[in-house]
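*Asks:* Residue numbers (this note's numbering), protein chains in the order written: chain A, 1 to 225; chain B, 1 to 260.
No lab work stands behind these hints: they were computed from the structure. Heads up, none of these hints are tricks.
Here are some, though not all, of the chain B residues that point toward chain A, as calculated from beta-carbon distances under 7 Å:
#1 Q211
#2 F243
#3 N245
Take a look, some chain A residues computed to stay more than 10 Å from chain B by CB distance:
#4 M42
#5 I117
#6 M185
Glycine included, each C-beta is placed from N, C-alpha and C at the ideal position.
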Amino acid sequence: MSRENLMLQIHQIQDEMLVMGSLVEQATMKSIESLKKRDKKMAVEVYNADRKINEKRYAIENSVLILIATQQPLAHDLRLLAALLEVSAEIERMGDYAKGIAKVVVNLGDFDIPVPIKEIDQMATLALSMLHRALGAFIIEDGETAKSIPAEDDKVDEMYNKVQRLLVNLMIEKPQNIDHANLLMWVAHNLERMGDRVSNICERTIFVTTGELVEIESKKKEIKL
Amino acid sequence: MTNQTDKQWAIETQDLDIYYSDFRAVKNVSLKIEPKKITSIIGPSGCGKSTVLRSFNRMNDFIPGSRVTGGIFFQGQNIYDPRIDPVQVRQRIGMVFQKPNPFPKSIYENVAWGARINNYKENLNDLVEECLVKSALWGEVKDLLQRPALSLSGGQQQRLCIARALAVKPEIILMDEPCSALDPIATLKIEDLMRELSAQYTIIIVTHNMQQAGRASDFTAYFTMDTDRAGSMIEYGVTSQVFTNPTHKSTEDYISGRFG
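Here chain B stands alone, though its shape is the one from the complex (with noise of 0.2 Å):
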């Protein structure tokens, strides 16, 4: 294991390109993300910048073709080094889809499952309990452990989604596009619970909206497609910056509403 550089960022891209087939989708990305801190990436569709939000566990594995060149850094180590156990990263990086996607089973048990099957010792009630408290939904499941988790509502069952990434005391949380099917309010509260859980995890969202990027998020990565379609990251800094007085006019014109 080697420190690439003296700050340990959450994750850090060298050169990454990701490839499928050989379409390269993505290249040259070269990103930082602060840990315990809320990153968005941007950009208009077919930028690659949910490709490249699922490089960073390696969910791009299922997908036959692609393969990834130059490196992604995970505390010090490429997560793609053949030595690395991909479910070993997917446990240490959650992820939360678009669409809620919870188990057909009980509330319970979506929380449950990720602790289970890996042989989890403690108690498994007060995991439950822990992750639903943090995941802002507790309040309102306490007494309905029991029933199947689609019972619930789009906003809830994206927050029993957290607390199942949550469950397996994950390090980074990958969002992509978290709250596009979901309503206003169960949006704010998506992105309420992102900041109280920036206390102790480090997110990445990916989000179509930008006044979500504008209001959730600490630092901006602004992705674009280049002329050969192989999305490339433009721009990276800080969202009050990068919303206020962009450094690019690609960025500008995009969060301007010129395209995309």
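Next up, chain A with everything else stripped away, as it sits in the complex (with noise of 0.2 Å):
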């Protein structure tokens, strides 16, 4: 095979990454529509809808293995491929977190409950715009956008807590609502994992053009007693 054709194959692999891509904001955008118009139909579509986010994820899986069987990549190209399976997984699993939304709000049910959706819309609105950002940053090899996204992800925390607050809230005003205002910590919780799947993928751009595997600074927390 020649260069232009393993390049072309890459492009089509990173084709089928942005379309993934664009299944998860989707799936995860219906999801929170779902729970703001408490929708059961619609969230059951988003929750049968993961299957296909996951194929696509074996699919490009399946297409880099054969690359780097065929191929032997190496250098750039091997870095390429190899971030191209962790960023495969880590969009797989955001489209899990729009999963588990969805079934949150079949499981709510009809339950009359305050949800705050004004934050949880913030989040998501927040989360997808760091998801898509971090795509086109690894699309185009851009490493200072890439090292400049994960510092958003503190926002996302912010208002993650905030959220928690208002729940607990919820549920110390009104004990019949613990269950389901538990449910709703679900949601946050899950916004909240996206912000850390797009600082992996930030990290894994980096990791693309500089050839370093290290932990973004703004992601280096610690806890302390």
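Join these two chains into a complex; the hints should help.
*Replies:* Pasting the structure below:
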């Protein structure tokens, strides 16, 4: 296979990865929409559509492995293909978070509880914006942008804390809310995890551009007693 | 005899230039080879890698008009010093060639030959066995020692040539594309053998096969040709690093198949 052909195949895998990313964006937005409207039918659609995202991930994995086996890529090519394996796994897990949110919507049923939808919506919007830009940076191998995105995760974390407080207050005010507020905690938790996954994608972009596998500075948080 | 550096390298070249008459084939190579490791030299055709390898045991002396400037130091001595006997250099620094080239004699005589002409005083049978064991051929030929060496398969012949090189007790073994005439199974056997031998010997291998350099060597030197057609060393480092994250774009382009 010529080098042009190898590049063509790598570009095709990258395209598939972008398609996968947009499926996850759609699934997340739709899951939040279903929460907003308390639309169980819509949530079931999101839940069942996750299979397509998983299939895309396996297809990407398969294509990458075939290229590694048949082309013995080295240096930048090898780093890029190894990163594609990681990044597709990260996106797939983000799809699982959207699926998890959809499941919460189903499990909430028609229970009457004031959902802090404005804050949840903000979290989702920011996490998806991070994802969108992180994938763009991955494709054009923009290490500087990749380095800057994870800092925004602090904002997602901040909103996560806010939603948690609101939900705890709901529980205190009305103990009958406990089960369902707990379900909503999972919604916020899943969105918070999305931000972390985006940071992992950014680390892979830096790996492709520099060859260094390093934890991004803003992620190096430690807890103190 | 003066030590050139504090560390004892297996071979150290300093500003090495190699000429064929007026043509400078290799320029400015300063390379330090780690002892008891496998170092591969890679690069496109015409980059001077075989020329450099052959200079390490003065094989280029046989090419009329070839000359060397700069130094190649082995155990602190410049091997191109006029006082140095090139035959002794070749005894300490052996060579295995691209195409297996056993003598048209028996398997036994091929291994015993070098020792015999050097008036080996100890038991020749033991030496032949030891070298054939080391070259991972003993099990296959122990009952066939008087058979013609040319009756062996290509891979066996190459291991016999390695046994022959070992018989004169070298410290360094140079290999010039030792597997290019072999099938993949025979190739892997030679690579396994190289790994075993590297516990005792320094191995330097020239290879066109990037996967072989990646699999089999600890260090990799990348050579390329300059605009004046002289070969020079562009990058030298730990193999795993050179193959995953090379420092120079030229190395990247070559190992990724962009040219060469």
